[in-house]
Amino acid sequence: DAGVIQSPRHEVTEMGQEVTLRCKPISGHDYLFWYRQTMMRGLELLIYFNNNVPIDDSGMPEDRFSAKMPNASFSTLKIQPSEPRDSAVYFCASSLGVAVNQPQHFGDGTRLSIL
Amino acid sequence: RKEVEQDPGPFNVPEGATVAFNCTYSNSASQSFFWYRQDCRKEPKLLMSVYSSGNEDGRFTAQLNRASQYISLLIRDSKLSDSATYLCVVRNTGGFKTIFGAGTRLFVKA
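Order-wise, the sequence lines are chains A and B.
The opening residue of the first sequence carries number 1 in the numbering used here; numbering runs sequentially from there.
The opening residue of the second sequence carries number 1 in the numbering used here; numbering runs sequentially from there.
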C-alpha cells in the first residue's frame, strides 16, 4: 500500500520566493497534519485537517504560511514570501481518525532550504 | 514549561544492554500516548502505542503513569539497529492535536 507521499523531496530557493509543498495522504485517512522539524525547535504541529476542513491552525507561524486541502487526496502548504528562517524539514502525516488512539503515518518529508 | 519533556541524551549503551527512557507531560487531560522512532534524516515511525495497563512488543515495553504524568519506554537486549531518536508523543482531548517531545537519542555500540 502506498504511504503518505510528499513532493518535492528537496527544495532550495532564494528568499522572497513562493514555496509550495505537496502531500497526498493515505487513501481513506480522514486526518491530515503538517509538521515542521528543526534542530532548535524539534517537531512542531503547524495545522491539521479533518475531512478537508482545517481544524487547528494555531501552530502556523505567521501569515506568510497557508495550507489548503481542496480534496481528500491532496493538500498544499505554501510559504510566501519565504525567509531563511523557514529552512527546515516539513512533514505531512495522515491518520484514520476513527479512534483517538490511531497513530499518524508520516511522509518522507520535504527538506527546504531558503538562501 | 514544555508540554512534553524528554531527556535529550544521548544514551550510549553497549549491545545487549537494557535502557529506559522517561517522558513527562503537563496536560493531565491528555488522552493518547505513543512512542515513535526517528532515524537520522528519516521520517518518524510509530514504534508502539502506550496503554494504561502497560504493553510489550518483543524487546520493547511501554508504561503509563497517569498519576505522575509520565510514560516510559524500556528496551531490553539492545541491538545496533536500535540506534535512533525516540520521540514521546501525547495527544490531548478535544481533538487530534498531537504534541511531540524533542526526542531522546540512543547510540548502541558494538
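Simulated from the structure, these hints should not be mistaken for laboratory data.
Remember, predicted model here, so these are calculated numbers, not experimental data.
There may be inaccurate statements among the hints.
[Said to hold, decoys possible] Derived list of chain A stretches under chain B, where covered just means 3 residues or more per stretch with a C-beta under 8 Å from a C-beta of chain B:
1) 50-63
2) 107-113
[What the hints assert, rightly or not] Quick list of simulated restraints, FRET-style, between CB atoms:
3) 17(B) / 22(A): 38 to 48 Å
4) 68(B) / 59(A): 40 to 50 Å
5) 7(B) / 52(A): 31 to 41 Å
6) 42(B) / 76(A): 22 to 32 Å
7) 39(B) / 57(A): 36 to 46 Å
[Stated by the list, open to error] On the chain A side, residues computed to face chain B include the following (Cβ under 8 Å):
8) 42
9) 43
10) 67
11) 71
12) 91
13) 96
14) 97
15) 101
We treat Cβ as the ideally placed atom computed from N, Cα and C, and that holds for glycine.
Structure-based check of each hint:
1. 50-63: holds (count 3)
2. 107-113: Holds, because 3 residues of the region 107-113 of chain A bring their Cβ atoms closer than 8 Å to Cβ atoms of chain B.
3. 17(B) / 22(A): 38 to 48 Å: holds, 42 Å
4. 68(B) / 59(A): 40 to 50 Å: Because 28 Å falls outside the window, the suggested range is violated.
5. 7(B) / 52(A): 31 to 41 Å: holds, 39 Å
6. 42(B) / 76(A): 22 to 32 Å: Roughly 23 Å apart at Cβ, these two residues keep to the hinted range, so it holds.
7. 39(B) / 57(A): 36 to 46 Å: violated, 29 Å
8. 42: Since chain B brings a Cβ to about 4 Å from residue 42(A), closer than 8 Å, the hint holds.
9. 43: holds, 4 Å
10. 67: violated, 15 Å
11. 71: Cβ of residue 71(A) sits 20 Å from chain B, so the hint is violated.
12. 91: holds, 6 Å
13. 96: violated, 11 Å
14. 97: At about 6 Å, which falls below the 8 Å cut-off, the nearest Cβ of chain B leaves the hint on residue 97(A) intact, so it holds.
15. 101: holds, 4 Å
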